[in-house]
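*Asks:* Protein sequence lines, in the order shown, are assigned to chains A and B. Per this note's numbering, residue 94 is the first one in the first sequence, and the count goes up by one each step. Per this note's numbering, residue 94 is the first one in the second sequence, and the count goes up by one each step.
Just so you know, the hints here were simulated from the structure itself, not pulled from any lab data. Watch out, some of these pointers could steer you wrong.
Put simply, identical chains are the same to the list, so a pair is met inside one copy or across any two.
To be verified - Here are the simulated lysine to aspartate or glutamate pairs, DMTMM-like style, with alpha carbons at most 20 Å apart: (1) K299 x E343; (2) K221 x E343; (3) K299 x E246; (4) K221 x D129; (5) K306 x E316; (6) K306 x D219; (7) K221 x E357; (8) K145 x E155; (9) K205 x E316; (10) K145 x D219; (11) K306 x D218; (12) K145 x D172; (13) K145 x E312; (14) K221 x E308.
Listed below, chain by chain, are the residues.
2 protein chains.
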Amino acid sequence: MTDQTTNPPRHVFIVSDGTAITAEALAHSILAQFPDLRYHQTRMPFVTTVDKVQEVARQIAEEEKRDGQRPIIFTTFVDPQIMRAFNEYVSGHVIDLFRKFVGPLETELGMKSAHSVGATHRIRDDEKYNRRIAAIDYTLQHDDGQTNRGLDEADVILVGVSRSGKTPTSLFLAMQFGIKVANYPLIPEDFDRGELPEALRPLRHKLFGLSIKPERLSEIRNERRPGSRYASMANCTSEIEAAENLMRREGVRWLNSTTKSIEEISATIISELGLDKRRVE
Amino acid sequence: MTDQTTNPPRHVFIVSDGTAITAEALAHSILAQFPDLRYHQTRMPFVTTVDKVQEVARQIAEEEKRDGQRPIIFTTFVDPQIMRAFNEYVSGHVIDLFRKFVGPLETELGMKSAHSVGATHRIRDDEKYNRRIAAIDYTLQHDDGQTNRGLDEADVILVGVSRSGKTPTSLFLAMQFGIKVANYPLIPEDFDRGELPEALRPLRHKLFGLSIKPERLSEIRNERRPGSRYASMANCTSEIEAAENLMRREGVRWLNSTTKSIEEISATIISELGLDKRRVE
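This is chain A alone, in the form it adopts within the complex (with noise of 0.2 Å):
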């Protein structure tokens, strides 16, 4: 094995005749189990006709002629013509998410596959498209607790202390799976009082939180209000403490968001809760 942290940063491409989101998605887990290997990336979504194949060609052989070393190339095609062409025209390290797949698929199912019968159409679902939006305009409206009518329409409601991490779980959640998702501020208030918010004491079934450690917190709330009280050690410690002992004598489940991602924090909320009913599809 070469040394290959001196080396130059490999290029990556990611080529689609779709938006290539999902095809990059896949990619970064991939290339994340390489974590020495440094990359460039050259997303190349929409790629639907021969002529934009020629194109990506071109860019890819001028690069590797420009660095001298064999570049990665990450493909979803739908368009089994648009596939033919790619690996006609284009030479690399190809790394083809679907067709390996889709052939023992076939076998499988007993069933062509659209890709083979040349039958490529995608029509949007307007039911998901909908339910989305309906998730997405609801999680506006119910963000950090600004209202609480149709708060019993909430699929969860996320707690916790000013920026542990609610409103960009709670949009993702919406984005991502079409969830209601209501979030409310933990406030001094509510531990001086010792209470949950009075609002949500009837639906403790659906409170879900976020905890977060002191340090973080205070890194996060001073890049709003640098040097304030607010964003100080000693007042996030003890807003932190005060929310935990507050979600523990009141059986509200939480986690601790701190070195997690969205779609972690997502996935775990939705495992927890159970929202993830099985559907058909």
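We have chain A; now place chain B onto it with these hints.
*Replies:* What follows is chain B alone, placed relative to chain A:
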């Protein structure tokens, strides 16, 4: 080929030692190539111990017994020990989204993967996290023309009539790509004046428009305000016509969002505005 449409739905399991979110996205893309396939889906994230593998194996076997069809199982395991346990205990049509690609990549890169050396560690990328959070904050503050302060910091400013899809697209761009998005409604006053809102004029190069079919807009607005003039076909048709004329006159690029997913709209905007600059990871 048998006629699968009369068969009961298949069971699809998506199993991961991580969030299973990427695995789910790729599974959906692959299964979408079988438009006649009906399936039930179960996500199983955070399968991080051999005990959990055994529990998953039990559930999958039970489902298989119940409906007499082999389950389709998509997996992404980073931890090789968990992957081995899974292969030992679980039977079905397993589609391992990592393994096929990691081995050949090791050869190509001349590097061992963390996978094969057993060093599975996941560290949150704080810089990326902070960029996402900052983008979401910015985007929420600049939703629906709320404020003109800091508008010049936007990476892109979406314009369009009310309910043309600006808010979900803005949030997706911020969440997924860390892009700062402002969005600004085009309203009857703008059409009467025949000019862009004043705050937007110096920022014309950052503008991108969303349009939509009048039928669809009327449907969406009717969900919000049933039977209103705002939602009527006549009003939707005239607003859209005026908005498209205005954008054409002002040289604002736009797309019609009617049949597109939020992902497709977002990826198109990134391409069109060249926001996806090559970056070293």
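*Asks:* To test your reading of the hints: which numbers does this structure violate?
*Replies:* Hints 2, 9, 10, 13 not satisfied by this model.
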